[in-house]
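2 protein chains.
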Amino acid sequence: MSRAMLYKGYTRKILRVNLTEGTVKAEELPNGQLRKYIGGAGLAARMLYDELAPGIDPLSPDNKVLFLAGPLAGTIAPTGSRIGVYTKSPLTNGFFHSSAGGYFAPELKYAGYDGVIIEGASKSPVYLYVDNERAELRDASRVWGERTDATQQWLKGDIGDEAAQLAVIGPAGERLVRFANITAGCRSLGRGGIGAVLGSKKFKALAVRGKGKLAVHDMEGTLKLSHEIMQIMQGNPSTGQVLPWFGTPVLVNANNSLGVFGARNWQQETFEGAEGLSAETMRQKIVVRDKACFACPIKCSKYSVVTNAPFEGYTVEGPEYENIFALGSMCGISSIEAVAAAERECDDLGMDAIETGVSIAFAMENFEKGNLSARDTDGLELRFGKTELMLPLIGKIARREGFGNLLAEGVKRAAEKIGKGSEAFAMQNKGMTFAGHSARGLPGFALGYATGPRGGSHHDSRPTGERCGIVQRDTIEGKPAYTVKVNHLMIFTDSMIICHLAEAIWGPVEIKPVVVDILNRVTGMDVTTGEAELTAERIWNVIRAFAVREGLRRKDDTLPKRFLTEPIPDGPSKGMVITEETLEKMKDEYYEIRGWDRATGIPTPQRLLALDLPDIAEDMKQILSQEQGR
Amino acid sequence: MSRAMLYKGYTRKILRVNLTEGTVKAEELPNGQLRKYIGGAGLAARMLYDELAPGIDPLSPDNKVLFLAGPLAGTIAPTGSRIGVYTKSPLTNGFFHSSAGGYFAPELKYAGYDGVIIEGASKSPVYLYVDNERAELRDASRVWGERTDATQQWLKGDIGDEAAQLAVIGPAGERLVRFANITAGCRSLGRGGIGAVLGSKKFKALAVRGKGKLAVHDMEGTLKLSHEIMQIMQGNPSTGQVLPWFGTPVLVNANNSLGVFGARNWQQETFEGAEGLSAETMRQKIVVRDKACFACPIKCSKYSVVTNAPFEGYTVEGPEYENIFALGSMCGISSIEAVAAAERECDDLGMDAIETGVSIAFAMENFEKGNLSARDTDGLELRFGKTELMLPLIGKIARREGFGNLLAEGVKRAAEKIGKGSEAFAMQNKGMTFAGHSARGLPGFALGYATGPRGGSHHDSRPTGERCGIVQRDTIEGKPAYTVKVNHLMIFTDSMIICHLAEAIWGPVEIKPVVVDILNRVTGMDVTTGEAELTAERIWNVIRAFAVREGLRRKDDTLPKRFLTEPIPDGPSKGMVITEETLEKMKDEYYEIRGWDRATGIPTPQRLLALDLPDIAEDMKQILSQEQGR
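Protein sequences, first through last, are from chains W and E.
Quick note: our numbering has the first sequence finishing at residue 1161, numbered continuously throughout.
Quick note: our numbering has the second sequence finishing at residue 1161, numbered continuously throughout.
Accuracy of the hints is not assured; some may be wrong.
Pairs count within a copy or across copies, as identical chains cannot be separated in the list.
Stated by the list, open to error - Distance condition first, Cα-Cα at most 27 angstroms in a straight line; then the derived DSS-like pairs of lysine-lysine:
| no. | residue 1 | residue 2 |
| --- | --- | --- |
| 1 | 816 | 744 |
| 2 | 830 | 816 |
| 3 | 654 | 687 |
| 4 | 744 | 733 |
| 5 | 1016 | 1043 |
| 6 | 1105 | 755 |
| 7 | 755 | 1116 |
| 8 | 1118 | 1016 |
| 9 | 822 | 539 |
| 10 | 1043 | 1105 |
| 11 | 1118 | 1086 |
| 12 | 830 | 1105 |
By construction, these hints were calculated from the structure, which means they are not laboratory data.
These figures come from a predicted structure and were not determined experimentally.
Looking at chain W on its own, in the form it has when it is part of the complex (with noise of 0.2 angstroms):
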């Protein structure tokens, strides 16, 4: 065993999950890659690249999907027990990572496993159940069809657990919808479609439970700073008050106030009906209870219950930000009970409320714009503002039924077969749409945005340096050099899978000290914050190469051409614009600086060299050389 091999935390082990062969089996983590790759989003990143062969169809047999919990999974590091998914995603084509707080990774962990990876495609619908160190597929014809609540109530009796942790499709995941969602708990693992990846594979659920113990390396270390960044996290205004107290819509009205807060298909960034759907309306109108993930001292998660008609009675954990955003302003709805009701549909029907609220304000602009009549939209009178449309639309979209069907195929394959200039009103990059941050409004996020491997997330660069002024918004000076130390921080802290909401605690620009103390003190390896840079940007680049080995070129790394023609016609950010001669700079100075071919946007095989990628330098220089022979 190398030395490699005695990391903590890990469980270093995996099961492996072969559907069309029935088998269950157990098998070692790739532990001398471990201080390479971390965790989740990295080590995934690097498995994927390994284990998927160019081109295939991510609905296929053939595609995989990993769970991972990170190395801090279960220990009582704070915001460290998110869960992970990671495979090729059926909306953008390229590797795909999305995380989920909640309490899934630690019964992962105490179940003696560190992840699962499901492959090939089953006949019949089945579910896996891990119970400890014993694994087995079981039948779940019985649910097949059902929503993701009532999914997880049938499980829980067909095992008889109640304390068991559950990972579920729902209908929109069975149907394959390009962004259907998995659903563990109340926590939604979403926008790229990996719902639907294990609709294709009749995967129903994950269910774990395990009672076992976990090794850290230093224990009073662990809990010592352990106890240390939950006083930061309680010192600090994001994380102490601000979460706490209003959770993620807190933004609503700090972005609408600072003209970012995209409304009606981002034909307007500030929405008239903004203060119907803030959270200090919310709070007051609906929030019952805050609910926190575990070993999270943020709490940021709200309870809510709507008490008054038309939505009575729905009740939801959220709504979040991004989906106010996506089922509110964007559709030009103003009510908050409404987002509630329409954003606990898209949970219990399994798909990703960003991408779906977005398709609908897509499909509204179309339809108000003349694209669409009542004739292609089942009879609808597809107009912005209408909130009697969204939970019967939404239904469609989960059934694909009529309508519905073209929705589902996600707002860039739907413009394809819309034609008549409708990709102009599809706000999307790579095929995932925009969240609910400007790229207009805050240039160095645009070219986040552009670079990002996910296109629309705003997860690969964050907007908050530039909407809180820790960096100047209005310039697009020193943001190459910015949004690369953004995306090393957030692949990074994706990698240890810990919450982006603490990101003023982890960076909010760099990977700061503590970042990589806590790794340490529960895993025993000795990262210092340069390590950690070095090992970011290498895993950046696993993941753009597999982009590139599907296709990927620099022309991909850009932005809708509203965002690029049309300045921001209202509001305190009015006139703001992203031109393409501006991007295309930013872009110049971003690749020099990856060191990246300038022509393609391929890394080049000297930088993947320098990043001790020498397998993958060989698969770029291939690639690189065909493209200069063109």
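Add chain E to chain W, keeping to what the hints say.
Here is chain E on its own, set in the frame of chain W:
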């Protein structure tokens, strides 16, 4: 007229009021010094260093009180419209500065003046009425003895102008309570006893009405940048959400959960009654409205009304965090209503609520530990938590009645009179009590407290960096350099007179470019952040030299015995302490960075020459050689 005379923002005129002679004269602001000292605390420090002979009694006619509006006052520049007041403090014997928001400073600027300097002493009570360019001394006998609220009401009638802005003293100032305040509207200029200095001069009030215009160097640029700053503020968690919603009392829970919330005269650093004092409780129970100062988007001020017995009917602009600490936890009191009533009483009597609360806590500990008995306290049983004592005791102090006369001297002098080792319970440095931020639990801030010219002030250094995790809390490494940087941020912003609550925007550690940017656009200067650092250091040294001339030496840069010998006994920061050895080590490094003589703490002539202070270099050289001759 030299080029320097052309700076905008300044009106370039001050009024010099000689109360002994009964004269009021307009004179030119020393314009050659504007770039060198900026304004506010910087300009005042230089003027008072030049105008006040060493060794004068702060409560004699030899002392002067200078009111100054800053270069941004009256413009749209956010938080730039505070009024500053400067004098030699009867509490600390050093140069003292305090500033307050509200609406006074713009009015003074619109009247055509940057400031007013009050000299000498009147035989009978007077007030100064400035009506645009016209200024006259008027009889104030009718309101001598009146509270601040009644005084302001009477003044408006006497002037016949409801819109006048007023700065007045109350009974505490008239009786020379060493921590009497000036009250301007509902805001206080506090801590160091400036109200007593005015009281000693029989100067009851300054009333100002102005309708003139202000020159701004670059109007468009000022407008644009001001809007940008407001947007940055709205996007920042601290200035955008925490302060607007909760105000400064958000620190109750934040500090209590970090274990740095002083209680029962710092015998504890957590308080079991914190929940009852928290911002959340306060908002629920007594806050009726948010209030903002001139040109400030933060609206941190809360207007509160008590609606339940026994304090029903008390209204207050507040309570502020510091007063909740001093009049609440420090006195063992957990009722926000009781604190609101006590704060209102202090405001109305024109007496500093921090000093008042901490003085009472000092008396309570002395009483409980046997240094005081009911015979000393006019029969009052001074025990922690006795809410019913507060209003009577506050009244006694303000009127210097019986036992109140002892506390009116401040805890340092009171302890000297009580003897019996009671000085161990006097939680002060340089005569001023510590604000509601831990020394033991925030090591860098402890150094700031020890070396701060105002002793216990939380505005010479700041607790924020360590509390929010911007710098690591539980270490002294790098803290001297950090403290120097924060000192400079504080004094530079105090010279522009912009609000420290926006420290996240201006700093929070180093002077950010936006600070000098707004200064430059308003005034036409072309200051860089490098020059700003140097200017801040120059001002810091003038203030130090003022204190040295009064006899301050290295030994005075210290902390009370409790902080140096008793580790925090409770809560999350349990065990933390700043030993004398640690403090002296940090001081060595701090003096080294500052270029101050290590043995005496006196600024070296070399460094003063480098800061372009040749005359002060000469003064310090003489004092140093006397010291070394001893």
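Okay, the hints, checked on the actual structure:
1. Neither within a single protomer nor between protomers do residue 816 and residue 744 lie at most 27 angstroms apart by alpha-carbon distance, with minima of 42 angstroms and 46 angstroms respectively.
2. Taking the closest pair of Cα atoms, residue 830 and residue 816 come within 27 angstroms of each other both inside a single copy (19 angstroms) and across two copies (24 angstroms).
3. In the homo-oligomer, the alpha carbons of residue 654 and residue 687 lie at most 27 angstroms apart inside one protomer (24 angstroms), although the nearest pairing across protomers, at 87 angstroms, exceeds that limit.
4. In this assembly of identical chains, residue 744 and residue 733 lie within 27 angstroms of each other by CA distance neither inside one copy nor across copies; the values are 32 angstroms within and 75 angstroms between.
5. Taking the closest pair of Cα atoms, residue 1016 and residue 1043 come within 27 angstroms of each other both inside a single copy (11 angstroms) and across two copies (20 angstroms).
6. For the identical chains of this complex, residue 1105 and residue 755 are inter-copy neighbours only, at 12 angstroms across copies versus 48 angstroms inside a copy, given an alpha-carbon limit of 27 angstroms.
7. Proximity of residue 755 to residue 1116 under the C-alpha cut-off of 27 angstroms is restricted to the inter-copy arrangement: shortest distance 26 angstroms between copies versus 46 angstroms within a copy.
8. In this assembly of identical chains, residue 1118 and residue 1016 lie within 27 angstroms of each other by CA distance solely inside one copy; the values are 15 angstroms within and 36 angstroms between copies.
9. Taking the closest pair of Cα atoms, residue 822 and residue 539 never come within 27 angstroms of each other, the shortest separation being 29 angstroms inside a single copy and 53 angstroms across copies.
10. In this assembly of identical chains, the alpha carbons of residue 1043 and residue 1105 lie at most 27 angstroms apart only when taken from different copies (25 angstroms versus 35 angstroms within one copy).
11. In this assembly of identical chains, residue 1118 and residue 1086 lie within 27 angstroms of each other by CA distance solely inside one copy; the values are 10 angstroms within and 57 angstroms between copies.
12. Proximity of residue 830 and residue 1105 under a CA criterion of 27 angstroms is satisfied inter-copy only: 24 angstroms between copies versus 35 angstroms inside one chain copy.
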